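Could you use the hints to bring the two separately framed chains together as a complex?
Protein chains in written order, with this note's numbering: chain A, 342 to 653; chain B, 2 to 337.
Mimicking DSBU-like on lysine-lysine, the simulated pairs with C-alpha atoms at most 30 Å apart in a straight line are:
#1 B:298 / A:433
#2 B:298 / B:86
#3 A:433 / A:451
#4 A:433 / B:171
#5 B:298 / A:451
Hints in this document: simulated from the structure, not taken from any laboratory. From a predicted model like this one, the values you see are computed outputs, not experimental measurements.
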Amino acid sequence: MSDLHNRLVSAEADRPDLTEENVNKGEQLTQMQMIWRRFRRHRAAMVSLVLLLVIVAFAFVGPLVWPYDHTVSRDIAGNLSPSLQHPFGTTKQGNDVFAQTMRGAQQSLKVALVVSIVSTTIGSIWGAIAGYYRGRIDAIMMRIADVFLIIPLIVAVAAISGNVRGGTTWYAVALIICFFSWATIARVVRGVVLSLREQEFIEAARAAGAKVTRIIFRHLLPNAAGPIIVAATLLVALAVLTEASLSFIGFGIQPPDISLGKMVEGARTAAFTRPWLFYPPGVLIVLICLTINFIGDGLRDALDPRQTMVRR
Amino acid sequence: MLVYTARRFAVAIPVLLAASVLVFLMVDLSGDPLSDLRMQQPPPSPETIAAAEARYYLDRSIPERYWLWMTGIGGNGDIGLLQGKFGPSVRGGPFDIGEQLASGISITIRLVSAAIVMALGLAIVSGVISAMRQYSKLDYTLTFIGFLALAMPTFWLGALIREGGLWFNKTTDTSFFYTIGANSARVSNMTGWEYFLDSAGHLVLPTVTLMLTSYAAWSRYQRTSMLEVLNSDYVRLARAKGVRNSVVVRRHALRTALIPLVTVATIGIVGILEGVVIIETIFQWRGLGYFFIEAVKAKDTFALMAWLMLSGTLVVLANLIADVLYGVLDPRIRYE
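Pulled out of the complex, with its shape left as it was, chain B reads as follows (with noise of 0.2 Å):
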């Protein structure tokens, strides 16, 4: 086993760096983040454009780019992601790529596991329900609600849900859903509690939209592995000989029925991943998406080149920690 996760830890490392390599060359190539200044008019002086290009590295190759992004050797200090350093960012001094990424994670990560948690307890409820009352009514309404979900685009759905907030506040006359950002605008003069209040309000809305987008599979998931356990030898064994229904579903069939969801939550980080963005800009949350978003639009190349790090570092995770999971979690599995 540790053998067998050492390995795996082996074979995550060059594929991390490949990622790295296709990021690099991907933002690189694709924009160049001094356009801006270029454009200028009246156009700036050649000094200040070299000047510009020493400071962002620009006046060197690719592969010495590379190199420098990479270890930071040969650079100003400010660059080298070995060295925890993202590079300069083309949005000025006090902009710190570290530091602002820090701050984004600090308020997607609430955002995150509270869908994820909620996706799947609702995943697991509903998927099990489905499976022992196959093709019932309620299995019907379950299916066709999860269908549903995995058909709505997420944008569409977050709007729709954003809307309709507002649209209860309105014809109410109160402010019962919270529709904008992470927070109230002035949380300085708040007790802990009610900070706390304040966040769990304003995370509902953002919550139940990132919820809906992976609930709708991991329930198919949970329905069919159920399926497939309830009607497996050792269940009906376990019923012949007289242990009651609920100790069957909860210690013998449900167990068993966990392990597929296990792998596939884990691997479904790409898809919250893409949610984020797309939730929080429609909150207007300012958290990892809107960190990604404001990146792009400023041409900022190397704080996308962190963003796009940081996810690639996540999912790169998520799948070494699904493989060993599975492996830890179903005995049947052996590595040699």
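Bound conformation, chain A alone (with noise of 0.2 Å):
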């Protein structure tokens, strides 16, 4: 939440003056276009673009190419150093440690993707909602996002994915995650909506008889992407980071299949003994949460409106 709060308000300084107007003499550019212009201009969010992409390719792509699955097979020897046949090894058992790395990648992906998409719409439409209305309804409305932010997020979607008999899946978990964790992009979008509600353009939709949903959706949640995509992507790093703890504590995906977090565990005591089952995992976690967060950034840049052509 810290890291929000900064960018949050560091978006607030960045704002340059009007006057420095990003139409490029005379060109003419549609929306997507301009911000397409400037988001390149973002390098970290250019580089890290590409290598998350790298990523989904090396995750959905890279098992339908590899010959070997995440599974345990007869034909794989246990405790392989890395060859060329198997880049990162294999372990005790015989599975090849990148397919399931390739696996692993492909469930915090998965789960990053439904997080990013269930609780960003729900969030943001409650906390639309609420901003609009204010008073009563607000105030009953945040009090229930409230007690949703109350139990940390590790623990509640432990407490629920541990208990369930059988073992969970990726979906579950992630739907898991997405229940708890709404509520922080409810509390930013309410935020934003708050002072974009009292702002001229809106009192005009609302004299040319605009509908609340019109209102809602065609005006302050567009106006509001800029928040949002930042407190959506950080949920998401959060989401993955959540769902390979959850799967080291040993919660969460259950074997046969395989998750990130499940592989550093089973490494875990291999870390300077044999280095490659124990980093591809962690290091794979901490790129694919760098990159996401560095794709906010830049989508945050690029998607104000006040934002110059100029910066960077």
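And the structure:
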């Protein structure tokens, strides 16, 4: 959360004056083109985007071309050191760690995708309604949201997914994470909407006879896109970490399926003796989280209509 | 101020009540504490199951169970949160949830307090240095360390630190770092001083891990707030008056710059609770984290609810303290 606050503050501070208009000398650009141009200028975000695409390809295309899968295979000898055939070696039981890493990354990315869609949608709508109506509705809705934030995320998810009999799958974990995390987005969106609703363009929309749903979906939410995206990327990174931590402490995704957290758990004692088992899953988690955060940073800058194109 | 505190307190109570409903429902609906009993081969007689259901109050409806769990009225005298009883544990009679929870707290509190003190100290020092030498090599190094600690998953960092300790022990052929438990196996014949040294030795690695997870965010906050204050008019005025630099930093700037950190650190308790669960798993401590994980594994619903309510109460209290402290520390804030 701390990071979020910093970025929201810096998002406020970065807004340059409107005098430097962002249309390039008579050149006509559509909204999307403009956003893409601004995004491209953010070097860290571009590098991250490329890196994340590589990871996505690795996770989803990799298993199709790689000869081994994540399960134990009789053809694979146990405890092999890295070689061309098994780039990350093999486990004691005879899993190809390279294939396991692909599968683990796939699980993490799927969780990230579900959380980014479900949590962000529910949270933004909830927050926008609370912020738009203010007063008693706002108070009740936000108290409800508060309740979901009281229990630490990992603990809440572990309590539920560990309790369910027969183990859990990735979508169950993802949905439970959504259930306990949408409130962070709702809080951010409500704050933004509270200030947006007082502005003239909303008043104009209301005067023109726009319905509440139209005001919320066409005017309020698009204008709150920057903070929503920052909050969503932070949340998605958190979801990836939560899923991994959960598998690490033994709840969440269950064997024979594999996740990055589970891999770290299995290779924990090998950190110094057989590092090729321990480092790939951990580094991959760090990479996924970092790239998502940087992309969010870039998107925030690109989507801000007050941003000029001269920066960076 | 008093009125404000009272009002905040009054708001905290319904939130806590709502949290108790959520905790109860999520634990109660997600699992069946008797599933192990039901799965037994050969299947136990219906009377056994009925007796077990009656013992854990599973024969009543959900609202009744919640009421019972909260007040204990109409139970067998072993339940009722408001009476300080947490309910019967599925792990048998001798396992008293309240007692176990208390012993867990007594162990975990060492880890948490040591980590918070260290993280705060380091965050303040490095944040202030970063702000005073903005954009220097030192600033970049500290920023990099902060981001690295922020990006690393706690469990990975913890496992790495533990294995690092083990590796050090092995290569130097000593047992310099303790990597298992909160104390050595035999503590009965130790003197007080030895016991203290033993506890401190076991604390080192887990504390460093837990400390790093909080330190990263806190030092960023400290840097930002210190920068803001250093560039403010009153600090410039102090310098213009000819006050020595060290005095300006200590007396004028740092005091104000510490205010945001108080709030951040108080609210940071959520992250610390999560960290404790993971770190105690890695270092095999038998504190609160262990209690939680064992409760989930045993499907011990009442123990789980007790744990979640404890953590929920801590978080609500922390938010309350943060709000009130903010008003006390920052004279610019006025409450009507």
